[in-house]
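Undergrad: Chain by chain, the residues run as shown.
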Amino acid sequence: MDIGGTFDISATGLRAERLRLDTIASNLANASTTRTPEGGPYKRRDVVFVTQALESDFAATIEEMSERGARQGVKVSDVIEDTAPPRMVFDPGHPDANPEGFVAYPNVNPVTEMVDLMTATRAYEANVQAVNAAKRMQDAALSIGG
Amino acid sequence: MANIVFDPTMQGLADAMTLHQRRHEVLASNLANVETPGFKAQELDFKSALQDAFDTGRLEDDPNRKPSLVEDATAPVRADGNSVDLDLQMAKLATNGGRYVALAKILQLRMALLRTAIEGTR
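Protein sequences, first through last, are from chains A and B.
Here this note's numbering is used: the first residue of the first sequence is 1, the next is one more, and so on.
Here this note's numbering is used: the first residue of the second sequence is 1001, the next is one more, and so on.
What the hints contain is simulated information worked out from the structure, not anything from laboratory work.
It should be emphasised that the depicted structure is a prediction, and the values quoted were computed from it without experimental measurement.
Take these hints with a grain of salt, some might be off.
To be verified - Here are some chain A residues pointing at chain B (derived, C-beta under 8 Å):
#1 Arg-71
#2 Gln-72
#3 Ala-130
Beta carbons: idealized from backbone N, C-alpha and C, even for Gly.
Just need the whole structure built from these sequences, with the hints factored in.
TA: Given below as C-alpha cells:
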C-alpha cells in the first residue's frame, strides 16, 4: 500500500483527457480540410472512454480483496470517426467541387468542438486537483515523525 | 497490553489515515472517469460498518469489519449513464484531503508528546 498508486489513477485520467484535447485540436485544425489521404473531406473524430481496472500489483490484490474494483482508471479504447454527412457548400470554382458545383466540407461544428474543449479542460483540471490533494496527503504523512 | 509507542490511539489514527487514503483512491477514480459513458460514481461506505459495530455493541478490533465499496446512489445520472458529479466529487476530495492532513497533524503532535517524555524538558 503506497500513495504512489493513487497517482496512477489520476494519471490515466490526465492521459485520456489530453488525448481527447488532441482530437478536438485536430478537428478544429481541419475544420475546412477538403482533401485527405483517404479521399474526401476530413471526418470529425471522437474518443471512446472505457474504465480500466488498476489491479496489476499482485500483492496489493491479495492484500485488499475486499476493496477490489476501487481503483478504476480510464483509457481511450478507440478513436472513432463521426458518420454525420459532410457540410455541402456551393463553390463551383473550388478544385474539389463535385459536378454540381458543391464542395464537401468536414462535418466539424466549431461550437460543439469548443464545448468539448471546455469539458475536457475542466476534467483535466479535476484530475490535476486529485494529484495535488494526494501530494498534500503524502507531505502530511511524511511530516509525522518530525 | 498496550504498547507505549503504538497505543490504541496511535493505531486508530493510523487506520483512519489509511481509510482516508483509500477514499482518495475511490474519489480519484471517479474523477478519472468523469467522462466515461456508463460509469457510476463510487463511494467508500464506512458509516454502515460503524453503525453495525454500534448495533452489535462490539467496537473492538474486528478484521472483518471493513468499509465497503458502494455505488454513490445520491448522484443524478446523466444522459450517457454516467453519475459522476464533478462539483460533489471535488468537494469530497477537498474534505477528505483536509481530514487526512488533520489526522497526520494529530499523530505528529502525539509523536512530539512522546519525544518530550523521552527527552525530558531540559
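Undergrad: So, for every hint listed, does it hold in this structure?
TA: Okay, the hints, checked on the actual structure:
Annotation: interface hint on Arg-71 of chain A holds; nearest CB of chain B at approximately 6 Å, less than 8 Å. Hint status for Gln-72 of chain A relative to chain B: holds, with the closest Cβ pair at about 4 Å, below 8 Å. Checking Ala-130 of chain A against chain B: minimum C-beta separation of about 4 Å stays under 8 Å; hint holds.
Going through the hint list in order, the structure satisfies each hint without exception.
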